[in-house]
Amino acid sequence: MLQLRSTPSVLILGAAVLFIGVAISACSSDAGASPDQPIAFSHRLHVENEIDCSYCHEYYDRYAVAGIPRVSVCVDCHEFMEPVEPNPDLDRIFEFADAGKEIPWVRLYELPQYTHFNHKWHIQAEVECQVCHGDIGISDRATRHMVYKMDWCLSCHESQQASVDCVTCHK
Amino acid sequence: MPKWGMAIDVDRCNGCNACVVACRTENNVPTAGPDQAKIGRAIEWLRVERHIEGEFPNVRVRFVPVMCVHCDEAPCVKVCPVSATYETPDGLNAQIHPRCIGTRACGQACPYTVRSFNWSEPSWEAPLEQTINPDVAVRWKGIMEKCTFCVQRIRRTNDQARTEEREIRDGEVQPACAQACPAQAIVFGDREDPESTVSKLSESPRVDRPLEELGTGPRVFYLREGDWGDSGRPGSSD
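Protein chains in written order, with the numbering used here: chain B, 1 to 171; chain H, 1 to 238.
If we strip away everything but chain H, and leave its shape as in the complex, we get (with noise of 0.2 Å):
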């Protein structure tokens, strides 16, 4: 059984927000609007943060995308009370949303700040409602939600490598966001096959696994050239 990872080239990413975008369509992400947006209650699955680097006049900018990490000791996963997020043999952190009651303290605990709450029955405006894709559940008031790192269509491509009787190929599987990126910066596969784009990525110097120090454990990692400063750390955006 493949254990997913993935692996985001900082160094490509434009800040376009395809991934974003990609996202919110493939998943059934509600848009909070900007009165709930402004409180903090919009619901972001993935989110570009802007790193501003040096000081004036050399000046860059790095876009960092931040989702959920799924987490080999996930905080989230321990403070449930009712098992409602839990890690799967594949090694996804999953939200079992009938499951949830809304405490909430995932969100507390998750250090990357990935975790949604819906505080409102989600609902699009015509004819948004036509993109609602069936194969992820629309979640409702009063619950959590996250990145599932697409976990529907991993389970599509496991059934089409079934039916096949074969293995799931490396590059196979991609999420809504590696699939979007434009630069090719986001890269999904089982990171326990050493054949695979992860695996190899994995051992490139340009590894940063974000907040590792946590002891998480995160199995999202990034590349990137030079030393993560403080300003660089998902979260710490400007």
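Chain B extracted, bound-state conformation (with noise of 0.2 Å):
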């Protein structure tokens, strides 16, 4: 009797743990997460139409970060083209730019304020975009290819013969 009264008790509490399990490894590892973007912005498009990576990441190869671009960048382009149907989406790139603010894009990737990493040497290393940011080129919506962690640097690091020096990356 004892045994049959504390089974639906047991059940409970491993279902409770089964579920703080679940919500705690689904909020310490967000690799595939896809944030609601200001403006449906898709990086297939604009590849499919030949535009570079450094048309809007204009710093990719010079500086430590590779640049979110400006809302001038877009209306470059967009002020020039006629939608073949209307879409909001591009009209809230003018309603972003006659108001004189800029696009609130949602970043995907961000390190540990104790870290620092460098696009630059990177790109003179000559890794692909694709290897930190996955098949984002080929995709409508920006999603987060994976949650970097140190031996996945480390890994590379060591496959180049690149620095290994913890102060290399740490800060």
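Quick caveat, the hints were computed from the structure, so don't treat them as lab data. Treat the hints with caution; some may be incorrect.
[Claimed, not checked] With a cut-off of at most 30 Å between alpha-carbon atoms, the simulated DSS-like pairs for lysine-lysine come out as follows:
(1) B/Lys120 - H/Lys3
(2) H/Lys141 - B/Lys149
(3) H/Lys141 - H/Lys78
(4) H/Lys3 - H/Lys78
(5) H/Lys141 - B/Lys171
(6) B/Lys120 - B/Lys149
(7) H/Lys78 - B/Lys149
(8) H/Lys38 - H/Lys141
(9) B/Lys120 - B/Lys101
(10) H/Lys78 - B/Lys171
(11) B/Lys171 - H/Lys3
The structure displayed is predicted, hence computed values, not measured ones.
Given two chains presented individually in distinct reference frames, assemble the corresponding complex, making use of the accompanying hints.
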């Protein structure tokens, strides 16, 4: 009798532990996250139209950060383009531009504050964008390719004989 | 690869503390407040010690900036159980904050007493939080920290030299303390380059390497006229 009465509570406890475990793992590992952006931007469309990554991410080979484009970069092209069909997302670009505001893009990648990363040296070492950013160039919705972990960085640094000194990446 | 070192001319130092302010600003060193400082919980990467020499009426005060001397044989490196502090190839004793578990063994081992423990989460009163340097991590409660020789500045200069495909020039890397010193008492450079200012200064008869007798091999040395009295050693201020 005692065993029968305790079974449901064990099950409930087990389910609770499982639920909390799943919830924690979902929070701590968010590879594949695809936050809503203020404008439905398709990297695929732009790549198919032969726009180089550097046109929008203009600092990618010169500075630590690749750069998120200003709204004027969007307007530079889109003001001379007639949409095939009405597109509210395109209208929104001009709304931001007319209001003198930048598009509040949601960042996909953010490294811990005690590390630093420099795009420039990785581009000079001929690391392809896809190695870290996955197939963003062929997707319609920007999705986080992976959550960067130190062993992943180190495995590449070791195989490429790049510096593995701690202060190279830690600050 | 350069091997970094520093010379501090205490005959030039007038105790203005500009180096201390520059260091705190550059490296996001938080202020502890008077209550915490009173119980020895202030965080200091660099302090200016005051040494009083002579007897009244022939008295003079010497000011000695003291920071991590980045030992060749660093006691802190030897005692850290998780290798959170280690020697870099260019001769710095680096501190890797995420690896530190806060045993404070390094603080105990350091004969120069230049390591500080974060007893609380750092905070800056508005608008001082806007002065936080993004090139330097903001440390958190429960870990040790110390002078890094402004490794972020070394890295930046290294990047610049690499871009221009040249070697780093003598005097090109300036830690915040050296840059701020109005008396130019602090000189930083490659101690293995015989032409560098630091190398030349290291041959001066005024050189004193602090607590050298302990076998630590300090990479920071002082220049001072006359002999060091017991009162004139770092850590023995009034």
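How the hints compare with the structure:
1. Proximity of B/Lys120 to H/Lys3 is assessed by CA-CA distance (about 25 Å); at most 30 Å being required, the pair is judged to hold.
2. Under the criterion of a C-alpha separation no larger than 30 Å, the hint pairing H/Lys141 with B/Lys149 is consistent with the structure, at around 23 Å.
3. The suggested pairing of H/Lys141 with H/Lys78 holds, with an alpha-carbon distance near 23 Å, which does not exceed 30 Å.
4. With a C-alpha separation of about 20 Å, the suggested pair H/Lys3 and H/Lys78 falls inside the 30 Å cut-off, and the hint holds.
5. Under the criterion of a C-alpha separation no larger than 30 Å, the hint pairing H/Lys141 with B/Lys171 is consistent with the structure, at around 17 Å.
6. The hinted pair formed by B/Lys120 and B/Lys149 meets the criterion: a straight-line CA distance of about 20 Å does not exceed 30 Å.
7. At most 30 Å may separate the alpha-carbon atoms for a hinted pair to count; H/Lys78 and B/Lys149 meet this at roughly 28 Å.
8. The straight-line distance between the Cα atoms of H/Lys38 and H/Lys141 is roughly 19 Å, inside the 30 Å bound, and the hint therefore holds.
9. With a C-alpha separation of about 28 Å, the suggested pair B/Lys120 and B/Lys101 falls inside the 30 Å cut-off, and the hint holds.
10. The straight-line distance between the Cα atoms of H/Lys78 and B/Lys171 is roughly 22 Å, inside the 30 Å bound, and the hint therefore holds.
11. Distance hint between B/Lys171 and H/Lys3 is fulfilled; the C-alpha atoms sit about 19 Å from each other, no more than 30 Å.
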